[in-house]
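Engineer: One-letter residues, chain by chain:
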Amino acid sequence: MKIKQVSVFLENKKGRLLEVCSLLGKSNINIRALSIAETEGFGVLRIIVDKPEAAVNVLRSSQLVSNLTEVIAVEVEDKPGGLARILDVLEHNDINIEYMYGFIEKFSENALMVFRFDDLEKAAGILKANSIKILTQAELGTACN
Amino acid sequence: MIFNEKFETMPLADLKNVQGERLRDLAKYVYNNCPAYKTKFDQSDVRLADIKCIEDIKQLPFTTKEDLRNSYPFGLFSMPTSQVQEIHASRTTGNLTVVGYSKEDIKLWSEVMARSLCCAGAVPGDMIQIAYGYGLFTGGLGAHYGALELGLTIIPTSSGQTKRQLKLMQDFKPRILACTPSYAMYMAEEAREIGLDTRQSTWQIGVFGAEPWGEQMRNQIEKTWDILATDIYGLSEIIGPGVSQECVHKDGLHMFSDVFFPEIIDPVTGNEVEPGQCGELVITTLTKRAIPLIRYRTRDIVSINYDPCRCGRTSPRISKIKGRTDDMIVVRGINVFPTQIETVLLGIEGIEPHYQLIVDRQAGQMDDLEVLVEVEERIFSDEIKQLRVMEEKIHKEIESILGVSAKIRLVEPKTIARSEGKAKRVIDKRSL
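Chains A and B supply the protein sequences, listed in that same order. Each position in the first sequence, counted from 1, maps to that position plus 3 in this note's numbering. Each position in the second sequence, counted from 1, maps to that position plus 67 in this note's numbering.
For the record, the hints were derived by calculation from the structure and aren't laboratory data. From a predicted model like this one, the values you see are computed outputs, not experimental measurements. Hints should not be assumed to be uniformly reliable.
What the hints assert, rightly or not - Listed next, the stretches of chain B that the computed footprint assigns to chain A, with coverage defined by at least 3 CB atoms under 8 Å from CB atoms of chain A:
#1 439 to 451
#2 471 to 480
What the hints assert, rightly or not - The calculated EDC-like cross-link candidates involving lysine to aspartate or glutamate, where the alpha carbons are at most 16 Å apart (straight line), are:
#3 B:K474 <-> A:E43
#4 A:K17 <-> B:E479
#5 A:K136 <-> A:E124
#6 B:K389 <-> B:E409
#7 B:K452 <-> A:E41
#8 B:K234 <-> B:E257
#9 A:K5 <-> A:E124
#10 B:K317 <-> B:E282
#11 A:K7 <-> A:E142
#12 B:K389 <-> B:D318
#13 B:K95 <-> B:D123
#14 A:K7 <-> B:E450
#15 B:K230 <-> B:E257
#16 B:K452 <-> A:E101
#17 B:K290 <-> B:E256
#18 B:K452 <-> A:D121
#19 A:K16 <-> B:E479
#20 B:K452 <-> A:E43
#21 B:K481 <-> A:E14
#22 A:K131 <-> A:D91
#23 B:K474 <-> B:E437
Glycine is no exception: its CB is placed at the ideal position from the N, C-alpha and C atoms.
Sequences and hints are given; from them, build the entire structure.
Structural biologist: Written out as structure tokens, the structure reads:
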């Protein structure tokens with residue numbers, strides 16, 4: 004139900020994103036989804052990869068600060084109003100979204116969105132109760148291969 | 068136990084009288100016996116008749132490390148070398164700094180080191196392992212003289228030969244260990260290698276000094292060796308170890324001010340700072356004979372506390388060394404020591420972080436202070452919000468402690484240049 008997101012601290016400097024991506028590439032780790040949040044001085048890169056633990060190890064051994072956070076990947080109907088329906092459910096149940104972003108590619112007819120909630124368990128329960136499909140790490144893994 | 072009840076618990080008013088009398092004699096003594104001081108006094112228009120009480124010390128000129136180096140080897144001695152019993156030297160950078168001890172000075176050294184060991188909790192009959200180096204360095208012999216004076220049983224191992232140190236500890240069972248804090252840490256590593264349980268050591272009290280060390284290192288040493296780790300401060304120019312020492316309360320180092328008179332000054336203006344404020348420690352050796360020093364600028368940054376201690380001693384207490392004046396920068400007219408920033412960060416994160424100060428000034432503008440802090444996993448969050456909160460917290464703490472507003476910049480690990488394992492703490496880009 005929950006999946007692991009890798010977060011990386013990056014300074015706003017030329018070539019930092021390239022370095023992280025090449026590091027992961029060389030270690031045969033595939034990036035499935037990505038988002039960057041930034042401020043004036045630094046940014047946080049958040050990625051969903053096929054091998055999150057391995058990714059953190061690779062990054063740490065290159066002296067990058069990174070950690071694993073639990074997030075939820077949700078299937079969103081690929082049609083007008085698809086995302087709105089999910090946000091509506093969350094809104095009505097008073098669930099706060101810390102941030103969200105989309106997957107790079109689709110696994111099925113539906114689009115995929117990553118959500119970070121402050122109360123992940125509660126959010127997951129409500130999404131399930133409203134028949135919204137949540138992907139497992141395993142599903143993501145097989146979908147990648 | 069207090070080694071010298073009379074002087075260590077003397078009411079402050081009486082102490083002032085003693086200090087005043089001793090200063091009066093000292094000023095005459097150096098003026099008449101040390102040509103370098105005579106010149107110095109004359110140049111500063113010092114009139115010996117005006118030196119009556121301890122407050123008059125402000126009329127006397129400072130003595131600096133440069134003065135010592137320029138007078139290499141014996142130029143600041145107040146006594147011919149034929150009457151000097153022992154010579155020690157220390158080397159930091161450049162020339163050696165040379166000091167000498169008359170017969171009375173060795174007695175003084177024995178006395179203040181005995182006071183120090185007692186202050187740490189040693190009692191006559193205890194066995195002490197002295198793992199400070201014996202030789203030109205003052206650490207080994209200073210501790211040795213004090214231990215003799217107090218009546219301890221001495222194992223003079225000196226430093227090094229760690230396996231033997233550990234074996235002798237196990238076989239002889241000393242209760243006290245005297246060495247540098249870093250050597251105490253190093254011995255723990257070696258102990259683990261040979262499968263020795265450090266917590267089973269016979270050492271109960273450590274007298275650690277000769278280098279600056281923080282509370283974090285103290286906790287580590289105390290946990291590792293199951294020992295009371297006390298801090299001892301000294302410098303060869305003043306006497307060596309025995310200038311000040313922590314008691315069991317570990318709440319400041321007792322300064323033996325009847326013989327080593329402390330002043331805390333603003334290193335830029337030379338004016339005295341308020342008690343509790345950080346400044347440069349200046350010491351006058353009130354009773355030394357071979358090479359007494361007047362208002363010696365130690366370059367060590369400390370604060371001082373004149374409140375009597377729970378242990379019964381009235382001697383003022385100095386804080387652990389908070390930095391060196393060489394590292395000080397003046398930002399918008401305020402003295403900033405890099406170690407103050409370290410204290411702030413330590414308080415927030417509970418870890419010793421890597422940081423760097425960058426000072427800059429645009430033409431016609433005020434100074435800009437930027438503090439770079441390397442992000443560690445402990446403070447990292449996937450949420451920008453949390454990182455901003457951290458930045459703001461550091462900003463506020465620095466402002467409240469230093470009185471200077473700084474821009475905080477979180478940077479990636481290892482981005483702050485390190486040389487020989489030490490990070491460069493300050494970059495001053497101003498062209499002043």
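Engineer: Next, verify each hint and record whether it holds.
Structural biologist: Against the structure, the hints:
Only when three residues or more bring their CB closer than 8 Å to a CB of chain A does the claim for the stretch 439 to 451 of chain B stand; here the count is 8, and the claim holds. Only residues whose C-beta sits within less than 8 Å of a C-beta in chain A count toward coverage, and the stretch 471 to 480 of chain B has 5 of them, enough to reach three; the restraint holds. About 12 Å separates the Cα atoms of B:K474 and A:E43, which keeps this hinted pair within 16 Å; it holds. Annotation: proposed proximity of A:K17 to B:E479 holds, straight-line Cα distance about 13 Å (limit 16 Å).
Distance check on the hinted pair: A:K136 and A:E124 sit about 15 Å apart at the alpha-carbon level, within 16 Å; holds. For a cut-off of 16 Å, the pair hint linking B:K389 to B:E409 stands: about 10 Å separates their Cα positions. Restraint check: the Cα-Cα separation between B:K452 and A:E41 comes to about 11 Å, which is no more than 16 Å; the hinted pair holds. For the suggested pair B:K234 and B:E257, the alpha carbons sit about 12 Å apart, so the restraint of at most 16 Å is met.
Distance hint between A:K5 and A:E124 is fulfilled; the C-alpha atoms sit about 9 Å from each other, no more than 16 Å. At roughly 10 Å between alpha-carbon atoms, B:K317 and B:E282 fall within 16 Å of each other, so this suggested pair holds. The suggested pairing of A:K7 with A:E142 holds, with an alpha-carbon distance near 13 Å, which does not exceed 16 Å. Distance check on the hinted pair: B:K389 and B:D318 sit about 14 Å apart at the alpha-carbon level, within 16 Å; holds.
Our distance criterion of 16 Å between C-alpha atoms is met by B:K95 and B:D123, whose separation comes to about 14 Å. Distance restraint check for A:K7 and B:E450: the Cα-Cα separation of roughly 15 Å lies within the 16 Å cut-off, and the hinted pair is therefore satisfied. Between B:K230 and B:E257 the alpha-carbon distance is near 7 Å, which keeps this suggested pair within the 16 Å criterion. With a C-alpha separation of about 9 Å, the suggested pairing of B:K452 with A:E101 holds against the 16 Å cut-off.
For the given pair, B:K290 sits about 13 Å from B:E256 by alpha-carbon distance, which is consistent with the 16 Å threshold. Pair hint B:K452 plus A:D121 holds up; C-alpha atoms about 12 Å apart against a cutoff of 16 Å. Only pairs whose Cα atoms come within 16 Å are accepted, and A:K16 paired with B:E479 is accepted, the gap being roughly 10 Å. Simply put, B:K452 and A:E43 have alpha-carbon atoms about 13 Å apart, close enough for the 16 Å limit, and the pair holds.
Between B:K481 and A:E14 the CA atoms are separated by roughly 12 Å; this keeps the pair inside 16 Å, and the hint holds. The hinted pair formed by A:K131 and A:D91 meets the criterion: a straight-line CA distance of about 14 Å does not exceed 16 Å. Proximity of B:K474 to B:E437 is assessed by CA-CA distance (about 5 Å); at most 16 Å being required, the pair is judged to hold.
The structure agrees with every numbered hint stated previously.
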